[in-house]
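Chemist: Go ahead and model the full structure; you've got the sequences and the hints to work with.
Okay, here's what each chain looks like letter by letter:
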Amino acid sequence: MIVLITGAYGGIGKAACFSYAKNATRLFITGRDQDKLNALVAELTQNFSIPIDAIAADINDNAQVKVLFQHIAKTTKRLDVFLHCAGTLTQQPLMMSRFEMIQNEIASNLTSAVLFCQFASKLMMRNKQGVITLLSSIVASQGSAGQSVYGAAKAGIEGLVKSLAKELGSVGIRINAVAPGFIETPLVEHFSSEEKTMIANKTSLGRLGNVDDIVPVLQFLSSSNARYITGQVLAVDGGLVL
Amino acid sequence: MTAITILVDAFVTALEVPRSEVNESLEYNSHKQWDSTAHMILIAQLENDFEVMFDIDDIIDMSSFTKAKEILTKYNESISF
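Protein chains in written order, with the working numbering: chain A, 1 to 242; chain B, 1001 to 1081.
Errors might be hidden in some of the hints.
Each computed DSS-like pair below joins lysine-lysine, with the alpha-carbon atoms no more than 27 Å apart [to be verified]:
id : chain 1 : residue 1 : chain 2 : residue 2
1  : A       : 122       : B       : 1069
2  : A       : 202       : B       : 1067
3  : B       : 1032      : A       : 74
4  : B       : 1032      : A       : 36
5  : B       : 1032      : A       : 66
6  : B       : 1067      : A       : 66
7  : A       : 77        : B       : 1074
8  : A       : 162       : B       : 1067
9  : B       : 1069      : A       : 36
Please keep in mind that the hints were generated in silico from the structure rather than gathered at the bench.
Modeler: Here you go:
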């Protein structure tokens, strides 16, 4: 199983790398910073013996993304699982959001997903099989003050999943999204402990999530156990009501 | 195997048409087998067989068997059909 993970050294991305390294035959990981990727490769190779290709790329740069996929195509000629963990979260009231920030938030969270799906599905089509899993957010369906642009982009992810499932199903490619609730990752480290406690109290399970709550769901969706699941958005949020 | 054989094979496999129907008159959307889904499969097949990665403009532009030859030649000048 050939796996590509974006946002590889982020919270969920890194946990996913360690999880998929257990059952992948080759892992392609990407992120913006080559040094961070190399450090992750060093950690992974201490525990796993599979080949790992770390390729730095800006997910918002079409040319760099193309080079990444050319490398995959040349190296393995196939892609079985694509996991798009890359994304940004800018906490900002809309009234105080600059146009550049709005564009960047949409690009990082939505346009990049569209672009990667385009390349990944083309590679998966060669073998008429593949699984794509994107990351949405609970914010897409429930909203959150100060996250209107982020929420809009993540809602776009859910629309993308619904339509692309219909487009790619006949060629053997499944696509789903996971919508995490509040997961303790670097993406939300700017939240104070009071804010975190308040959010934890809004969950049915009475606690914040962590990456180990998310990764098994990602694994499930890309496994044959989920072979009849496509076009779905699965909330993994501990019953959070925002 | 010659480039033209590889190309015809790719069309036969992707569009699921008999070899006899892969000729200069074969065009996207004019043959019932060459619809948008088959086009995606064809592109994937050609990229695999000729070890290229098409730009989106060329994927859109690849509207006939003849055009496919022209576009492939652009990516690899050593190919001759």
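Chemist: Look at each hint and say if it fits the structure.
Modeler: Hints and how they fare:
1. A/122 with B/1069: Holds, because 20 Å separates the two Cα atoms, which is no more than 27 Å.
2. A/202 with B/1067: 59 Å, violated
3. B/1032 with A/74: 33 Å, violated
4. B/1032 with A/36: 50 Å, violated
5. B/1032 with A/66: Not satisfied, since the Cα-Cα distance of roughly 32 Å exceeds 27 Å.
6. B/1067 with A/66: Cα-Cα ~23 Å, so holds.
7. A/77 with B/1074: Cα-Cα ~21 Å, so holds.
8. A/162 with B/1067: At roughly 33 Å apart (the allowed maximum being 27 Å), residue 1067 of chain B and residue 162 of chain A break the hint.
9. B/1069 with A/36: 43 Å, violated
When the structure is compared with the earlier hints, violations turn up for hints 2, 3, 4, 5, 8 and 9 and for no others.
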